[in-house]
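Protein chains: 2
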Amino acid sequence: MSLHTTGSFTLPGEANCEDLTLRLAKVWGADVIRDSDGTQLSPELLNAGYGIYSTICIIREHNEFARQHPECVQQTFLSTEPKCAEGDTLDIDLLADFFREQFRINEGEAARKYWQVWDRTEGVLIPAERWSYREGVVTVKGTAPYHTYTVSFLAYRMWEEISMYNHVTNSWDKEHLIPIDPRLPAAQEYLYNWLENWCKEHPATTVVRFTSMFYNFVWIWGADERNRTLFTDWGSYDFTVSEKALADFEAECGYALTAEDFINRGDLQVTHMPPTGHKRDYMAFTQRFVVEFGRKLVELVQRYGKKAYVFYDDSWVGVEPYGPHFPEFGFDGIIKCVFSGYEVRLCAGVPAKTHELRLHPYLFPTGLGGAPTFMEGGNPTRDAQQYWVNVRRGLLRAKIDRIGLGGYLHLTEDFPDFVDYIAEVADEFRTLRTLQEDGGPAVLPLKVAVLHCWGALRPWTLSGHFHETYMHDLIHVNEALSGLPVDVEFIDFDAAKNGALDGVDVVINAGRAGTAWSGGEAWADPKLVTALTEWVHGGGVLLGVGEPTALAGSWGNFRMRHVLGIDRDTGARVCHGRWQFDVENVPGLLPEGSGVKGLDNLYLTDGTTRVLASAGGLPTITAHRFGKGCGVYLSSFQFNNANARMLLNLMLWASGKGLEQTWLTDSPAAECAWYPADRKLIVINNTDQPQHVHVNTDGGDAEFDLAPYGSVIESR
Amino acid sequence: MSLHTTGSFTLPGEANCEDLTLRLAKVWGADVIRDSDGTQLSPELLNAGYGIYSTICIIREHNEFARQHPECVQQTFLSTEPKCAEGDTLDIDLLADFFREQFRINEGEAARKYWQVWDRTEGVLIPAERWSYREGVVTVKGTAPYHTYTVSFLAYRMWEEISMYNHVTNSWDKEHLIPIDPRLPAAQEYLYNWLENWCKEHPATTVVRFTSMFYNFVWIWGADERNRTLFTDWGSYDFTVSEKALADFEAECGYALTAEDFINRGDLQVTHMPPTGHKRDYMAFTQRFVVEFGRKLVELVQRYGKKAYVFYDDSWVGVEPYGPHFPEFGFDGIIKCVFSGYEVRLCAGVPAKTHELRLHPYLFPTGLGGAPTFMEGGNPTRDAQQYWVNVRRGLLRAKIDRIGLGGYLHLTEDFPDFVDYIAEVADEFRTLRTLQEDGGPAVLPLKVAVLHCWGALRPWTLSGHFHETYMHDLIHVNEALSGLPVDVEFIDFDAAKNGALDGVDVVINAGRAGTAWSGGEAWADPKLVTALTEWVHGGGVLLGVGEPTALAGSWGNFRMRHVLGIDRDTGARVCHGRWQFDVENVPGLLPEGSGVKGLDNLYLTDGTTRVLASAGGLPTITAHRFGKGCGVYLSSFQFNNANARMLLNLMLWASGKGLEQTWLTDSPAAECAWYPADRKLIVINNTDQPQHVHVNTDGGDAEFDLAPYGSVIESR
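Residue numbers (my numbering), protein chains in the order written: chain A, 13 to 728; chain B, 13 to 728.
It cannot be assumed that every hint is accurate.
Each pair may be met inside one copy or between any two copies, as identical chains are not told apart.
Unchecked claim - In silico DSSO-like cross-links for lysine-lysine, where the CA-CA straight-line distance does not exceed 27 Å:
#1 K640 - K509
#2 K153 - K256
#3 K95 - K509
#4 K95 - K539
#5 K669 - K365
#6 K291 - K692
Bear in mind the hints are in silico, worked out from the structure with no lab data behind them.
Just chain A, with the same shape it has in the complex:
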């Protein structure tokens, strides 16, 4: 598509593959070579004239220190599964359900005061006098027969989870890496000195790439191979806890947390659920600590003339790149691994100088869910194409500075197609970046606010990658939005009550009832309902997906049912009649191939609600006029090309702006972006088939022929 260009590309170097590394650095136009987890670059690579990224996961590879300072090992709260008493005494083996290589019970006095024994049948705490602990087992006395009991306790995490995963996946036979908790002063001092020494010993390194700071996302493994992952959450803070953290929290925040704040009746603290006040306080407390010590490490690195980048994955907990303290770190850049468009936007929006994407597939034998990638049966070129077509949509809308790959370079040798394709991608990326240099793309007159519990603190992402969160409608919505020519912001419920709706054209609320995405108890606040009602009445569009604004126990279920004109019965209205309806065809509104999955128990609340699509006799897409504004409802949302355009169309139509806009293609198979400063138009083909498309430009209709996954750039 253009001349071969170079730069802005980070190549994973590999020891013992120096020739390959240098050859691919040329082919892909790399300007930086990085090491990968468990690899060391050779002097030949370090001295080849490239920038050098060195990956540091600061809290691991210090097993000797950990053995000398067992109190400095990272921890978590665990709870046993409920166990049923048959008599008046009950023995509970604390680690029976857990992967014993990951955990060791913290038996210390200071930790034991945080342990809790619960009668889960009654929902009451058992006083400490009624239970005792010995050799891994809690014995509860005076149990009520046929009640169930649990024990919550602190456990050291004896195996850093990312290396544990790599270790187990690859059947390594290496020492298990123990994660160090820098909250303890001894650990801080040790790590600081270790990093200073490291900086001295690595003069060739130009960028220290932190992976990431100190605390991994939660990943609790089980004893049984049939249920290995008991819990995983990319956004939860469980792995930051310790008796020291709890004591510090109490001193700083003025009240004490308990084990139950973490265990939460076995649910733990799921990012997909609304956070409690305690959880918000604890997150803020942890962020303050992570930035306080983290910025010292960043300053240290910078003092040695290196840049400090942070990897926005793995041990990112407490970093919160959209949180109030992130700028205090002073990071020079942020690196995000991406499969999807929304992750591009997630990275691009972080306040940092340099934004880099690590593309997928990772150079590893297996990929998502253990599927083959760089091995027999794998097709890494196809995988790369599929990820790139999603990522590229985001790159049209937001500026990213660099891309790169990760993993083991030698694995590409059997896949010459892949090498060629990455060369194309690297060129295309560099071209796309150029388009953004004189200003961003034009957007339609449509400002969209996605409304959920996390708001601006956690924009774009739900919790992890698309394939980890695909069951939530909202990630599909976010993915669609990431490539649409509209302004997008993320707001929480407090913001919505306090002016954040001003100037917004469309508010999206999408999720299952009770979740952080729909909002749960947030909808109990009449101020929220009133503010949104007034805003829609004045002309806003509330676009609800799934169970928006749901709060059982109010009038009906959706608190904004008067705006949406539709509701979902939770069982209490099974005897109520249902409005009959005809499906209305609005020309041009729903592209061919668009459509969403149905949801049961939906019913119209108003005879004026217009049904735009239905499935199985129930509405799937509706619109309801309210004052000068409108409620739009979708029973669900699945991301694909047709549905992305459908979402745009629904927003344009419902807000009264109309479907006839400039700088839109005539087909959902292709999208375009217009950069007014340079008067450049790019048209991209989001499909694996050639496409002939029209674009409605400011100078009239223009036609384009696009190769599969191809793009065309035109100056106008």
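Starting from the known structure of chain A, arrange chain B on it as the hints suggest.
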């Protein structure tokens, strides 16, 4: 299948069709002729030597009295739909959403004190000083802009609902019948005298068939033909209310009810939801009144040498045939219209001397949902077969004394097939009844208790007919149970805590979370959980369907998850791992053709849970050993022949009694019943195909050939 027999058959006579009536009386072996709604029997029929049933709906056909005593017209509470205020005042047209021919606002002072105006956004009552009423419109002052408001008010019901339905369906041009409320002394006196006069004027009548007592099930119609039925519930008490009833309730029960006890945030009081304490009190209060005045009417009829039967449909509210006061009526018989087997059991279990079924189809041009029956496009014989095959299963298990038909006899003239088929049915019924005369059928050693909020007060039925409640798993379970060779009882949660589990082998809890069938808040009681846990541990089988024992906010969702070994995530455990499983094949357990619909978000809570069937990667049928007992789970249940046998098999297998039992067929297509007193075996074919089946008798294997829908009786 047998010689032509006579008796125990009630024929609907028709004026001007005397010859037809008398001919069909012979063909069908009738011993009784009845009138139907809106018909009068001629002297020729009255004097033909048959018993005469006269249908009396005591509370209607008194329009002259109603006009003179407008305060004696029946009422209900209504609420407007929430309306949004745009400024500081709001007009609400009370009847805007309602069918104006059905309702008239009760504007009286005594009624007005029960009206309520609600700010539904805040969930607060508006003080009476802030609103006023004039000519059908409530004006609310000082409204908060963009809050929604409702008005709850008492309305007279100006058109008795069953006649309203018949009137509208048949486009009649008659006077609308107004329902009289006997709670008012003037109405009581009038109705008593009217009935006495009626008895005097109808010497030929042998049985007065009350239809039923005073209060219809709830049926609220809407203004718009696209949403004609706003609410209907066969078991709710809304239509019994009035300012007098509310004042009497307060005097009798010591506290006052409010409009909101009925309106319930627009949900009204749905039988499918757990009743509040106030609702239970109000139901008991109403039952006491209905029996107090009702028994006077029954005594009056009996004093004139007639029997009094009650029709267990239409205006049955307050009669509660399974309630504590029903025997006080002194009814001689009860008549139930039936489509299904469970309705046979519902009728048979009522403490009354004579139990009669009115079979379907009703002799009417249209049937269920307006489908053609006795008109072009209808096939009443096929309809009758399908209902009869369901009803017959129940008749094998429980004794019924009589059957009959209802409607307009002349409609059968174009359907000679139907006439022949009913003659067969009548004969078969009389034969089945004979089988029961010396004692009931043998049952397997399996006592089943269905556990829900209504328990023994409302056994077998949920609320109305199968086609009205098909969306609930429990009605399918009840229908299956109605023909199985097991003892069945219905218990509520209080009973379960107080000894009702003793001697029970299987407890079934089946329903959507939060409903009266699953139990909702009942599961918050640790006593219930403990009692059931102990009972299963000692050997009981808890069989859960759908969302059994569900109560969000406890540990997990199903409160009996430790017994069931499975749970359903409500969203809080979306990040938790899932047990992998293989589907286990237990020989003979799941008959060919059996299987149930899947449910999303299910997960095993224990690695020992056995998955017996799955769909879409999720378990649909599981079993989990617990102590000496077992938890069995089905994601849903749909009644059909194979699933009925599957249910029996699961209960036998899980309770350790084994699948090899005597007096069972080898095919779910056929069922059998063994009457030990007479040593008679009946085998029935539940399909429209011929069947060859084996029965495991106490004398070894026996074989039978059965015609479609046929049956064979053998003495052994």
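Task: Alpha-carbon proximity context of K153 and K256, limit 27 Å - done: neither (30 Å within a copy, 58 Å between copies)
Task: Intra- versus inter-copy proximity for K509 and K95 (alpha-carbon distance at most 27 Å) - done: Between copies only: 22 Å across chains, 44 Å inside a chain, cut-off 27 Å.
Task: Status of K692 relative to K291 across identical chains (alpha carbons, at most 27 Å) - done: For K291 and K692, neither the intra-copy (47 Å) nor the inter-copy (70 Å) Cα distance is at most 27 Å.
- [ ] Check K640 against K509 for me: Cα-Cα at most 27 Å, and say if that holds within a copy, between copies, both or neither.
- [x] within (20 Å within a copy, 56 Å between copies)
Open item on the list: For K669 and K365, with the copy left unspecified, which applies at a CA distance of at most 27 Å: within, between, both, or neither?
Closed with: For K669 and K365, neither the intra-copy (36 Å) nor the inter-copy (73 Å) Cα distance is at most 27 Å.
- [ ] Please work out whether the CA atoms of K95 and K539 approach to 27 Å or closer within one copy, between two copies, in both situations, or in neither?
- [x] between (43 Å within a copy, 17 Å between copies)
In this structure, the hints that do not hold are numbers 2, 5, 6, in rising order.
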